[in-house]
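Chemist: Below, each chain spelled out in residue letters.
There are 2 protein chains.
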Amino acid sequence: MKTVKTVSEAREAVQTMRQEAGKIGFVPTMGYLHEGHLSLVRKSMEECGGTVVSIFVNPMQFGPSEDYARYPRDAARDADLLGKAGVDLLFMPAVEEMYEKKFFTSVEVSELSRRFEGSLRPGHFKGVCTVVCKLFNIVSPDRAYFGWKDAQQLLIIKKMARDLNIPVEIISCPTSREDDGLAISSRNIYIPADRRRDAAALYKGLSKVRDLIEQQGVRNTSVLEEEGKKTIRKYQGIELQYFEIVDPEDLSPVKEINGKVLVLGAVRIDGVRLIDNMLVG
Amino acid sequence: MKTVKTVSEAREAVQTMRQEAGKIGFVPTMGYLHEGHLSLVRKSMEECGGTVVSIFVNPMQFGPSEDYARYPRDAARDADLLGKAGVDLLFMPAVEEMYEKKFFTSVEVSELSRRFEGSLRPGHFKGVCTVVCKLFNIVSPDRAYFGWKDAQQLLIIKKMARDLNIPVEIISCPTSREDDGLAISSRNIYIPADRRRDAAALYKGLSKVRDLIEQQGVRNTSVLEEEGKKTIRKYQGIELQYFEIVDPEDLSPVKEINGKVLVLGAVRIDGVRLIDNMLVG
Chain A
184 MKTVKTVSEA
194 REAVQTMRQE
204 AGKIGFVPTM
214 GYLHEGHLSL
224 VRKSMEECGG
234 TVVSIFVNPM
244 QFGPSEDYAR
254 YPRDAARDAD
264 LLGKAGVDLL
274 FMPAVEEMYE
284 KKFFTSVEVS
294 ELSRRFEGSL
304 RPGHFKGVCT
314 VVCKLFNIVS
324 PDRAYFGWKD
334 AQQLLIIKKM
344 ARDLNIPVEI
354 ISCPTSREDD
364 GLAISSRNIY
374 IPADRRRDAA
384 ALYKGLSKVR
394 DLIEQQGVRN
404 TSVLEEEGKK
414 TIRKYQGIEL
424 QYFEIVDPED
434 LSPVKEINGK
444 VLVLGAVRID
454 GVRLIDNMLV
464 G
Chain B
184 MKTVKTVSEA
194 REAVQTMRQE
204 AGKIGFVPTM
214 GYLHEGHLSL
224 VRKSMEECGG
234 TVVSIFVNPM
244 QFGPSEDYAR
254 YPRDAARDAD
264 LLGKAGVDLL
274 FMPAVEEMYE
284 KKFFTSVEVS
294 ELSRRFEGSL
304 RPGHFKGVCT
314 VVCKLFNIVS
324 PDRAYFGWKD
334 AQQLLIIKKM
344 ARDLNIPVEI
354 ISCPTSREDD
364 GLAISSRNIY
374 IPADRRRDAA
384 ALYKGLSKVR
394 DLIEQQGVRN
404 TSVLEEEGKK
414 TIRKYQGIEL
424 QYFEIVDPED
434 LSPVKEINGK
444 VLVLGAVRID
454 GVRLIDNMLV
464 G
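From first to last, the protein sequence lines are chains A and B.
In terms of this note's numbering, the numbers along the first sequence are unbroken and rise by one, the last being 464.
In terms of this note's numbering, the numbers along the second sequence are unbroken and rise by one, the last being 464.
One or more hints might be untrue.
Same chains, same names: a pair is fine if it fits in one copy or spans any two.
What the hints assert, rightly or not - When the alpha-carbon atoms are kept at most 27 Å apart in a straight line, the in silico BS3-like pairs for lysine-lysine are as follows:
{"no.": "1", "residue 1": "LYS438", "residue 2": "LYS284"}
{"no.": "2", "residue 1": "LYS309", "residue 2": "LYS267"}
{"no.": "3", "residue 1": "LYS417", "residue 2": "LYS185"}
{"no.": "4", "residue 1": "LYS332", "residue 2": "LYS413"}
{"no.": "5", "residue 1": "LYS413", "residue 2": "LYS285"}
{"no.": "6", "residue 1": "LYS413", "residue 2": "LYS267"}
{"no.": "7", "residue 1": "LYS443", "residue 2": "LYS284"}
{"no.": "8", "residue 1": "LYS309", "residue 2": "LYS188"}
It should be emphasised that the hints constitute simulated quantities derived from the structure, not laboratory data.
Based on the provided sequences and hints, a complete structural model is requested.
Modeler: Next up, the structure:
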């Protein structure tokens, strides 16, 4: 695996790779890799002749009171995992390589960014869109792989690529989970050991709604949301931030279940934010 | 000259062209072509093996009270001019081809967009950046040509391409002028015939400042701005909107002339907005 740190090195390496590999697959990450990331990498390697992974903890997507400085990092371990997985190119730029001092440009997807993570983390998706747009322009992949775990992010990036005519296909991959259903996330290391059992609450709430829809045919959204929340509240010390059933295309509210819906939620447990979702129906 | 109307046709035509032409030059326009546009086209044809021109009156860059509906259009004449000039590909998309109903994405360059045209035309540069970003992604040119006439737009697009790592070189070309100095613009047809003589006022003001700097060595910006404005006010019925001397890199105010400066201004004459500028020193 080749590792590069500058934009021009990355461009050059991709250009060389493209001649041999044909299709280029791309997995943008913030590092501290886990099974979720690796499942994206494997999918890319299955589908594309060359796979590029980026590791960049993007300051622009963190709010001033968020965990940018303490976000977990382990470059050596990440590189080792990616090398063993057979990745062709690792792009690990420094912050100064991506953002010059007078950096003024931003990319935004309105509407889809308004609610849920967008309202709880102002500016978050603007930071995500801007850095992903930059990375797409640097790597110019044929396909890029994102996890369903960050469903709102996935929909926003798909919409950005579509609206801006970015010539990349966005591929979505299922959420990887621990044995008890907890969605795998780099931030899970923040969960205190004695709270780990309760951290599955959100997953249990989502599963409850899925079962009510798929096995019992409940169609009333208010009833379903209430049942999901009730399940979550059975766990200790869980602060529920949102829990809703929406249209998986545009995140608009759904009144009655008539086809596929996205159930998505966010909780805080001991100050640690966890998000998760399920496509149902 | 090949003319296409859809994004996919444009992509295909450019791909074919690239194999034979090598470098692709691109001139994005809103049509109703004049000598200014044609000078950009000639420059592209000198420097690149293939030249693409787009004609698209972009609704997103017009304010609700602006002249989108009555903006001058003459597709047949434009196509004729470009064909005779030897352009390879003309891209003329319909509005629906560029903006689907639920179009949510925007690109913005803060700071550079705040003053001058940005403050007088809220949202204008957001519209410009978004459509130019889209066009760059559709045409993927090696070089794109813009006129100095719209100096703020030029600086903003350069900054956008740099910040977003868009792999295109932005080439700036000098403003084309009428015999009396009036900067050529598609909007000049709005000027009533009996006001045409006074429309050169802004150019005369800019020239005055240039002469004071280059021939008399005046260095005090306030003095220079006052002299320029005085010259403009000698003409009849001119409403001065702004007239300033700024840094040509970032449009920041300049106190004393120490090297290259950009003098830029906007006036209204009989309700018609005219902008112009001069690089001096």
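Chemist: The structure should be examined with respect to each hint, and the outcome stated for every one.
Modeler: Checked hints:
Within a single copy, LYS438 and LYS284 get their C-alpha atoms only as close as 47 Å, which misses the 27 Å cut-off; across copies the closest is 23 Å, which meets it. In this assembly of identical chains, the alpha carbons of LYS309 and LYS267 never lie at most 27 Å apart, being 33 Å within a copy and 44 Å across copies at closest. For the homomeric pair LYS417 and LYS185, neither the shortest alpha-carbon distance inside one copy (49 Å) nor that between copies (67 Å) is at most 27 Å. In this assembly of identical chains, the alpha carbons of LYS332 and LYS413 lie at most 27 Å apart only when taken from the same copy (22 Å versus 63 Å across copies).
Taking the shortest alpha-carbon separations for LYS413 and LYS285, neither the intra-copy value of 49 Å nor the inter-copy value of 35 Å comes in at or below 27 Å. In this assembly of identical chains, LYS413 and LYS267 lie within 27 Å of each other by CA distance neither inside one copy nor across copies; the values are 44 Å within and 72 Å between. With identical chains, the CA atoms of LYS443 and LYS284 are at most 27 Å apart between copies only, with a shortest distance of 22 Å across copies and 45 Å within one. In this assembly of identical chains, the alpha carbons of LYS309 and LYS188 lie at most 27 Å apart only when taken from the same copy (24 Å versus 31 Å across copies).
When held up to the earlier numbered hints, the structure conflicts with 2, 3, 5 and 6 and fits the remainder.
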